[in-house]
Amino acid sequence: MLELCGVSVSFGTLVALQPTDLTLEPGQVTALIGPSGCGKSTLLRCVMGLVTPNTGTVALDGAPIGAAGWAAARLRMGYVIQEGGLFPHLTARGNVSLMAEHLGWEADRIADRIDSLRGLVQLPSEALDRHPGALSGGQRQRIALMRALMLDPALLLLDEPLGALDPMIRADLQRELRAIFTDLGKTVLVVTHDLTEAARLGDRIVLLRDGDIVQTGTLPDLRERPATPFVTRFVSAWDAP
Amino acid sequence: MKALLLLVMAVLALPSAATAEPVRVGSKKFTESVILGEVAVGALRDGGFEAEHTRELGGSRILWNALRSGEIDLYPEYSGTLVQELLDGEPGDLSTAAGRQPILKRLGVRELSSLGFQNTYAVGMLEPLAKKLAVRSIGDLARHPDLRLGFSNEFMEREDGWPKVRRVYGLDALAARGLDHDLAYRGLHAGNLAATDLYSTDAEIAFYGIRVLTDDAGVFPEYSAMLLVRDDLDPRAVAALERLGGRIDRSRMVALNARAKLDRTPEAQVAAEFLGEVGVDVETGQAESRLGLLVRTTRDHLALVAISLLAAILVAVPLGIAAARRPRLGAVVLAAVGVVQTIPSLALLVMLIPVLGIGAPPAIVALFLYSLLPIVRNTHSGLVGIPTPLIESAIALGLPDSARLRRIELPLALPAILAGVKTSAVINVGTATLGALIGAGGYGQPILTGIRLDDVSLILMGAVPAAVLALLAEGGFAALERALTPKGLR
Numbered sequence: 040m041l042e043l044c045g046v047s048v049s050f051g052t053l054v055a056l057q058p059t060d061l062t063l064e065p066g067q068v069t070a071l072i073g074p075s076g077c078g079k080s081t082l083l084r085c086v087m088g089l090v091t092p093n094t095g096t097v098a099l100d101g102a103p104i105g106a107a108g109w110a111a112a113r114l115r116m117g118y119v120i121q122e123g124g125l126f127p128h129l130t131a132r133g134n135v136s137l138m139a140e141h142l143g144w145e146a147d148r149i150a151d152r153i154d155s156l157r158g159l160v161q162l163p164s165e166a167l168d169r170h171p172g173a174l175s176g177g178q179r180q181r182i183a184l185m186r187a188l189m190l191d192p193a194l195l196l197l198d199e200p201l202g203a204l205d206p207m208i209r210a211d212l213q214r215e216l217r218a219i220f221t222d223l224g225k226t227v228l229v230v231t232h233d234l235t236e237a238a239r240l241g242d243r244i245v246l247l248r249d250g251d252i253v254q255t256g257t258l259p260d261l262r263e264r265p266a267t268p269f270v271t272r273f274v275s276a277w278d279a280p
Numbered sequence: 008m009k010a011l012l013l014l015v016m017a018v019l020a021l022p023s024a025a026t027a028e029p030v031r032v033g034s035k036k037f038t039e040s041v042i043l044g045e046v047a048v049g050a051l052r053d054g055g056f057e058a059e060h061t062r063e064l065g066g067s068r069i070l071w072n073a074l075r076s077g078e079i080d081l082y083p084e085y086s087g088t089l090v091q092e093l094l095d096g097e098p099g100d101l102s103t104a105a106g107r108q109p110i111l112k113r114l115g116v117r118e119l120s121s122l123g124f125q126n127t128y129a130v131g132m133l134e135p136l137a138k139k140l141a142v143r144s145i146g147d148l149a150r151h152p153d154l155r156l157g158f159s160n161e162f163m164e165r166e167d168g169w170p171k172v173r174r175v176y177g178l179d180a181l182a183a184r185g186l187d188h189d190l191a192y193r194g195l196h197a198g199n200l201a202a203t204d205l206y207s208t209d210a211e212i213a214f215y216g217i218r219v220l221t222d223d224a225g226v227f228p229e230y231s232a233m234l235l236v237r238d239d240l241d242p243r244a245v246a247a248l249e250r251l252g253g254r255i256d257r258s259r260m261v262a263l264n265a266r267a268k269l270d271r272t273p274e275a276q277v278a279a280e281f282l283g284e285v286g287v288d289v290e291t292g293q294a295e296s297r298l299g300l301l302v303r304t305t306r307d308h309l310a311l312v313a314i315s316l317l318a319a320i321l322v323a324v325p326l327g328i329a330a331a332r333r334p335r336l337g338a339v340v341l342a343a344v345g346v347v348q349t350i351p352s353l354a355l356l357v358m359l360i361p362v363l364g365i366g367a368p369p370a371i372v373a374l375f376l377y378s379l380l381p382i383v384r385n386t387h388s389g390l391v392g393i394p395t396p397l398i399e400s401a402i403a404l405g406l407p408d409s410a411r412l413r414r415i416e417l418p419l420a421l422p423a424i425l426a427g428v429k430t431s432a433v434i435n436v437g438t439a440t441l442g443a444l445i446g447a448g449g450y451g452q453p454i455l456t457g458i459r460l461d462d463v464s465l466i467l468m469g470a471v472p473a474a475v476l477a478l479l480a481e482g483g484f485a486a487l488e489r490a491l492t493p494k495g496l497r
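Here the protein sequences line up with chains C and L, keeping their order. Going by our numbering, the first residue of the first sequence is number 40, and it counts up by one from there. Going by our numbering, the first residue of the second sequence is number 8, and it counts up by one from there.
In short, the hints are calculated from the structure, not lab data. Please read these numbers as outputs of a predicted model, since none were measured by experiment. A couple of the hints might just be wrong.
[What the hints assert, rightly or not] With a straight-line Cα cutoff of 20 Å, these simulated EDC-like cross-link-like pairs (lysine to aspartate or glutamate) come out:
id: 1; chain 1: L; residue 1: K112; chain 2: L; residue 2: D95
id: 2; chain 1: L; residue 1: K112; chain 2: L; residue 2: E97
id: 3; chain 1: L; residue 1: K139; chain 2: L; residue 2: D153
id: 4; chain 1: L; residue 1: K494; chain 2: C; residue 2: E165
id: 5; chain 1: L; residue 1: K494; chain 2: C; residue 2: D168
id: 6; chain 1: L; residue 1: K112; chain 2: L; residue 2: D288
Same shape as in the complex, but just chain C:
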């Protein structure tokens, strides 16, 4: 589905990402985790084309995405960030339908699609006509998810999607998100700094440190067969009471 091959990023002398290979299988949910500054967001932004790698290629369905290919590629990706990144001057509905309108969808088709997405993310219908400033954090993230899913993308990219929410709402939404991922069968790449969240959401966890992938596997893999002493330290920090 998506393949990163020798992708590296540096900003001046600062190396944000060492040459990295990563493959996402169709329908697989991959959680990127690591301490802050480890390069997990940079990696996600490379996939989105928001950061241009110094080396390496990003390939979608086997075809490398060239400079001219991003416009088309982005229509096949949905993107959610912390706090949603919703446009404050548009209503929730305006945010969700923006791209479909730009692509010239019929009004009925847009309304039907929004209706089904609203059911999927369990958003009360009156919330659709509010501006982001008048919505709760949880509602904002639901709308951001609707916006990302609007064009039915093959790949869903989430950067700390629940990072700004209360712990209780957060736990609920983790469960809901996981259910949505399973329902839709999308290929998902989610960035989080929370190991519990990574384990709940992801089929597998990719642990980064200093711009390098340290280990890939499930939480039990990381716990029982740590690749380096760092993995043990990282996991035990979460296991500690």
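Go by the hints and put chain L onto chain C.
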């Protein structure tokens, strides 16, 4: 963009191109010049010519340039100004009219016969103070280095003004500051100033009881009044004007000045009375009512502000967008419009006259240039200030550049852009009053005339509407800002 600018310039140039027919008379921004302008208009009309008078255009340099560029056909001038100021550096004998004629001819200008009086510079003090300090000549001032002197701005600057007086009479120890000629009399009267420069035909000399100090060293040159005309002016018009030669002596000029300045008689009527005395019958039009004046100046002022502001919005918003898109270009653009803002408004107006002539076009262009900075800067900062996550969200959605600008960036920057337009509008309303100095009309005109005639009510006729208009602009744009700001941003 370039085409747009050219279009704007072309539209602005239209009015000046359409008026070729009547003989155009100009005058400087002091009463005597305005009266002489009216006298010339009367003489021309009596000679069968259409004539129009652009009053109170500004200083010598503005009139001289307007004459040479063909914006006006004639204006009253003084031989001393011609010699010391306008022809300074030209070779040949400048001291006589005959000596000057070939030089003037080469410049496309012709000097008519002296009108019959001198209006030279002089330095004066109130009689009681002069008596107390025993000051009789300019040189006596050196004995009183603590005296405060105030001179008209032009006198301060001119080579044959204060610099020469100071040098010749050794007055280096005395402090002098520049101010408006008409305000100087009031300063003198109120005791704020000990001495000021005068014109020897000023009506105020007798009125305020001023002692004219003797110029023992002969610093001030001959300032014989005459009309300067374009060399290509119709000879019959010249003949009509030449009938004025030698007809006005100094005492008559003082009387005419007093009629206008102290009795508050409109200059056109003063001129008509004089012409009647010398046997030239002129019809004086109905004097303009205060309401008529208010309507006319409001219309002119609004036109100046609206056209310049609209053009500025059309140019500045795209410039601000370009500046936000390309940081290096942005630095250049912001620096350039910033530099324009530092040019003193009067200097900018005068600089534009050789290119655009006198009247509304240079004023509109100057206001347009001043309006750019607030709008460009606010458009730029409004766009640059949009949080990165929002921009990246728009990119990630797949919105192309143009749609992103239209649907996301401009709406988010709109409050900042409108605040910039509001700032420009308010500055514009105030600055537009200076347009009167170059014949653009507007609220500056009654202010200018009011200062010249010491008529506070006339000054208020310009100042109050200008202040009200500024407040309306502020309030109107604030309301527009509220109405247009997207709901989610309030």
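Status of each hint after checking the structure:
The hinted pair formed by K112 of chain L and D95 of chain L meets the criterion: a straight-line CA distance of about 16 Å does not exceed 20 Å. The hinted pair formed by K112 of chain L and E97 of chain L meets the criterion: a straight-line CA distance of about 13 Å does not exceed 20 Å. In summary, the hint linking K139 of chain L to D153 of chain L is supported, as the alpha carbons are separated by about 15 Å, within the 20 Å threshold. Taking the CA atoms of K494 of chain L and E165 of chain C, the gap is near 17 Å; set against the 20 Å cutoff, the hint holds.
Pair hint K494 of chain L plus D168 of chain C holds up; C-alpha atoms about 12 Å apart against a cutoff of 20 Å. Annotation: proposed proximity of K112 of chain L to D288 of chain L is violated, straight-line Cα distance about 32 Å (limit 20 Å).
Figure legend: structure checked against the earlier numbered hints; the only hint not met is number 6.
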